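Letter by letter, the chains look like this.
2 protein chains.
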Amino acid sequence: MQLPKEAMYAIVAGVVGLLFAVVMAKKVLSKDRGNDTMKEIQDNIASGAMTFLKREYSVLSIFVLGVAVILSVALTGEVDGLGVKSAIAFVVGALCSSLCGFGGMKIATAANARTTQAATRSFNEALNVAFPGGVVMGMLVMCVGVLGLTGLFYLFTGMTGGVREASIVMAGFSMGASSIALFARVGGGIYTKAADVGADLVGKVEAGLPEDDPRNPAAIADNVGDNVGDVAGMGADLFESFVGALLSAIILGLAAYAGNDAGQTAAVGFIFATVAAGVVASIVGVFAVRVKEGGDPQAALRMGTIVSALLFAVLVFVIANMLYGDVQGVDAMKWAIAVVIGLGCGMGIGFTAEHYTSGHTVEDLAKQSDNYATNIIGGLAIGFRSAVYPLLIIAVAVIAGYQLGGMFGVTLAAVGMLGTLGITVGVDAYGPIADNAGGIAEGAHLPPEVRERTDALDSAGNTTAAIAKGFAIGSAALTALALFVAYSESLKTLGWDLNLNLIQQPIVLAGMLIGGVIPFLFSADTMNAVGRAAQSVIHEVQRQFREIPGLREGKEGVRAEFERCVDITTKGALKEMIKPGVLAVLIPIVVGCFLGPDALGGLLAGSLVAGVPLAIMLANAGGAWDNAKKHIEKTGGKGTEQHKASVVGDTVGDPFKDTSGPSINILLKLMAVISLVFAPLIVKVFKAMPWFENFS
Amino acid sequence: MQLPKEAMYAIVAGVVGLLFAVVMAKKVLSKDRGNDTMKEIQDNIASGAMTFLKREYSVLSIFVLGVAVILSVALTGEVDGLGVKSAIAFVVGALCSSLCGFGGMKIATAANARTTQAATRSFNEALNVAFPGGVVMGMLVMCVGVLGLTGLFYLFTGMTGGVREASIVMAGFSMGASSIALFARVGGGIYTKAADVGADLVGKVEAGLPEDDPRNPAAIADNVGDNVGDVAGMGADLFESFVGALLSAIILGLAAYAGNDAGQTAAVGFIFATVAAGVVASIVGVFAVRVKEGGDPQAALRMGTIVSALLFAVLVFVIANMLYGDVQGVDAMKWAIAVVIGLGCGMGIGFTAEHYTSGHTVEDLAKQSDNYATNIIGGLAIGFRSAVYPLLIIAVAVIAGYQLGGMFGVTLAAVGMLGTLGITVGVDAYGPIADNAGGIAEGAHLPPEVRERTDALDSAGNTTAAIAKGFAIGSAALTALALFVAYSESLKTLGWDLNLNLIQQPIVLAGMLIGGVIPFLFSADTMNAVGRAAQSVIHEVQRQFREIPGLREGKEGVRAEFERCVDITTKGALKEMIKPGVLAVLIPIVVGCFLGPDALGGLLAGSLVAGVPLAIMLANAGGAWDNAKKHIEKTGGKGTEQHKASVVGDTVGDPFKDTSGPSINILLKLMAVISLVFAPLIVKVFKAMPWFENFS
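Protein chains in written order, with the numbering used here: chain P, -9 to 686; chain Y, -9 to 686.
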């Protein structure tokens, strides 16, 4: 089977989306950067961020090349040229992900000072810089994903002779994206929190400086962290979710209609057409974000998200009805329903996240902050509880998706959840731009109303970003699941029928138990990594205050050696990201080879079951603490005991919500895609194990 | 098939064990209670504890009767008289569990002051009161379990005509034990922590009183809490693990040798004989606990545990070889190996718990306590990491057990883990006695060396108790698993073949996702419950300090109204235990009836996979914080900022390790046993659901 014509729609949509991103970027770049101090701070942030990215990518390029070689060798055998082709796909996937990170950072670090400058005039003008800046990132993630995936599909379909054969190779693409995403999330997450903690604990608490004070040697590193963690990390995360969801939908669409050529073509075509519709819907959604002066920016952002979702839903139904209404043996309307259910579930998860990290929940938590311990326990309890509804929603998505189209339906729900990625990432990525803008306002000693405007911008983004986080978590769960099912399909083609019946197969149960504890191990590792990296930043900041005379007092002409902080944070984050990253790659391969594909299946299921609630718990507990602190500050509690307790909660929550929690999302997907890619090797090696007969 | 003769060995061993408990109790009761103040404090603690138990049992009696009625009605149908018989078994199980709790509390509250008085003379004499006190509880739990189970088996085998038929009814017994255990653990856990937090936050922090100061109105409630939480709660927990493990071993032994009468008789006989051996080994182990004056009590306690384990292992091999060496189609030596592997795994889990809550780990955590947030993050990271090895060990136990004897082998590992229950519970239950003894020493203003001796006693017990906690957690996991498999066997007899293949059955996956989040919900509920109950204690203590003149200053003749604190804590704990308890009972029934037995199977598996690491994480994080605080106090850090931070960590850890964590253990077993008991109802109701056809 050849690639259906709808793939061309996706290409066209991808190109249009990129052009739109260019227009948005030009709009941002046309704005004024402000005075010289602002320019200087901006340049410092930008160069810090680029330094980090460059060094990160040079570390990762070794990893990528190494894995590419391993892939070429390990997958040589049964299928002709599978190894080399997978390696190529892997490298391209890694490159595409890096490209998104790079581009997103470039624009984010260009938009920050421009947002500050616009904020000197009005709130709306600031929004009109920051949001387009975020949208560039969103469109980049979505369209590079679409173009990379579709382009490679064209290439490999030509080379291998069919879409099904190409889809096996394409797992490498998804794995490339996932690998970069994991390192970007973990490395970026460690960077941002180490810098944040260092800046807060020494600069704010010990030296008594206000937030983002230029005398604080870690202030620039802190601002760099917002970019490398929240922009590059988040983008890479959703990029790989998007790619993984699309790929597994294609694999399972092909499997669902095996033997029905028209059905297969329709299923694959529907996916590409849906993606094209998503790009269009995202662009339209961006235009729907309009605020009058004095209007509610949060309502505007939410309006954009909703318009985009509704349009997407309508388009998907139209596509299903017009293009596939008459295809034999196919009920495309059910596909469309599955897609829309996924979209709805993503929003549902987002709204629960919003519920648990704002409003009454946060006010109650603030009340519990009259004591350190009750604040911590309260936040943890909120986190634990906040996992309940999302898991129920995901369960509903699974059941509904399956009822509508079997496992293909489940993957369609994942595709739907990510359908309007352009705008959801846009809304999310605009947050750190606003955050940076505030930092620049502080650093350049602009009048307080500027900072107030950027803070309002930031806080509007925070709440709306909760919805984006919901999409990220929900789609990670469904994508991991979809990849897991794709893994079982891949095993089938290798002659291995995955048997996950726990009761007949205790090895599956053992795999599940091991899988269940991996997210716990990963959380411990990433938390400790943040702690260690933060320690080195803390020591450096303390050293500077000690050794640079006049720094603390803000003497004219004395400046902090912020480059050293940037450098130390970069080194710390890069060093600390290696172990968890390598672990995530090795565990599935080792378990698969030694205990077999069934045990590995159990491991994937177990990691999903324990990892998804844990990731949600970490994310929302962190969000609740953060917002409880903000609530106390807003209601005049700054400096009170209550405020101090809430600062501790916020500090505990920092690695929760920005390092450990989001990393688990990627961990789950990465382990699944590695299992998928290495399935041929795993089957071969396990069959050679002396205990093979005992466990099969 | 009739009950094999070995059941009589178990009866004899049970009676001997109880006699031994009586001897130990007499030994304790023969000691001197000390001066009048000590007697008064002891009486206050004892009456507070009894009040709580009486009120708890009167609340629970309504629950037990209600469930008994439901059982009689709901299970009427296919099998003759199943409902009424199950209801009887349920009530007897609940009564046996209550009996253990009641007896254990009686002796613990009798031993506390006597330990204090002995400590006025020497450390060794104190150990010789506290440890026998704990042993009474241990032997009670083990022997009431053996006698109740075996006795009822005799009864029901007679009534139903066979062991297999009786084993179905006996699931009710296990459920009765589990239900009481859940409420006892949750209620007791809330009580002990609410009182502790109340006593600490107001008495110690606000009013500046030392620990256990008699002026503190919550001091008595705090001491009562040690008994209702750590003695009664822990005992009920292990009682139900023991009963559940034995029962599921019997059910799976019968299933494993279906059609081979001699094999079935041997399998069931082996279980009873093993239990008898365990009673003997426990008694011998108690005699091995000997310390010379100035010797190391911790080494002595560990020696007792190890002697008992080794003897048990030897006896099990002897039994397997002598009694079942020649049975057709049976390899009893493999059974023995499975039992011993279980025993070893239990100890292994215990040692990892010890590792993560003592020594270098704790010293490192103490170092991180120069800051509140790093202390919290450090403790959480320890908790997360500490789950890794236990899960791997459990996975090994599952694989090894299965290789040795299929699912029967896995249940044998669980039986082995609990084989020396008499002494492991004994070592654990002696901790709260020592703790109470310290409180009485403080309250009666005895010379400081007395308190030092009881503290040394307490700390020796703490470390050794980590091993007992390991048994509790490991056995909970294996027992829940064993009950889960028994559930699948029960479904088979009902004509339902449990299909847990995730990929063919998304409903199983949905069940797993729901199951995975239940421990999170439960943790949130229990943490909040402690918080609310603690608030009411805090307010009461504050009120007394405000309204009773001279209390804070310790004026002659002024005494705290500690009865009110006891009363308020009791009411709070009983009120708060209802919701989580009822939820645990209802969830499996609701999911089973609406989504079917397969989804329920997924739910049980999911709750196990997420719940076991979470329970371990909560327990060990709490233990690490507690010991870090103690380490700082021991190294002269009292009153420093570091110490304050460690107190916050300890307070956060309190509900972790004593309420939420241990409750999850029971939750997992309770949900499994409820599924087992209600399987007939669930199958019937689900088949009547309109969507039944879609999901089967």
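Honestly, I wouldn't trust all of these hints.
In this list, chains with the same sequence are indistinguishable; a pair is considered to hold if it fits within one copy or across any two.
Calculated cross-link-like contacts (lysine-lysine; reagent style DSS-like; alpha-carbon spacing at most 25 Å) [what the hints assert, rightly or not]:
{"no.": "1", "residue 1": "K545", "residue 2": "K(-5)"}
{"no.": "2", "residue 1": "K357", "residue 2": "K44"}
{"no.": "3", "residue 1": "K16", "residue 2": "K96"}
{"no.": "4", "residue 1": "K16", "residue 2": "K29"}
{"no.": "5", "residue 1": "K569", "residue 2": "K357"}
{"no.": "6", "residue 1": "K194", "residue 2": "K634"}
{"no.": "7", "residue 1": "K194", "residue 2": "K620"}
{"no.": "8", "residue 1": "K357", "residue 2": "K620"}
{"no.": "9", "residue 1": "K628", "residue 2": "K(-5)"}
{"no.": "10", "residue 1": "K194", "residue 2": "K561"}
{"no.": "11", "residue 1": "K357", "residue 2": "K194"}
{"no.": "12", "residue 1": "K17", "residue 2": "K357"}
{"no.": "13", "residue 1": "K569", "residue 2": "K21"}
Bear in mind the hints are in silico, worked out from the structure with no lab data behind them.
Just so we're clear, the structure is a prediction, and the values are computed from it rather than from any experiment.
Outcome of the hint check:
{"no.": "1", "hint": "K545 - K(-5)", "in the structure": "neither (67 Å within a copy, 92 Å between copies)"}
{"no.": "2", "hint": "K357 - K44", "in the structure": "neither (44 Å within a copy, 35 Å between copies)"}
{"no.": "3", "hint": "K16 - K96", "in the structure": "within (12 Å within a copy, 80 Å between copies)"}
{"no.": "4", "hint": "K16 - K29", "in the structure": "within (18 Å within a copy, 84 Å between copies)"}
{"no.": "5", "hint": "K569 - K357", "in the structure": "between (39 Å within a copy, 24 Å between copies)"}
{"no.": "6", "hint": "K194 - K634", "in the structure": "both (12 Å within a copy, 21 Å between copies)"}
{"no.": "7", "hint": "K194 - K620", "in the structure": "within (15 Å within a copy, 31 Å between copies)"}
{"no.": "8", "hint": "K357 - K620", "in the structure": "within (13 Å within a copy, 30 Å between copies)"}
{"no.": "9", "hint": "K628 - K(-5)", "in the structure": "neither (61 Å within a copy, 75 Å between copies)"}
{"no.": "10", "hint": "K194 - K561", "in the structure": "within (23 Å within a copy, 44 Å between copies)"}
{"no.": "11", "hint": "K357 - K194", "in the structure": "both (23 Å within a copy, 22 Å between copies)"}
{"no.": "12", "hint": "K17 - K357", "in the structure": "neither (44 Å within a copy, 52 Å between copies)"}
{"no.": "13", "hint": "K569 - K21", "in the structure": "neither (42 Å within a copy, 58 Å between copies)"}
Hint check: violations occur at hints 1, 2, 9, 12, 13; the rest are consistent with the structure.
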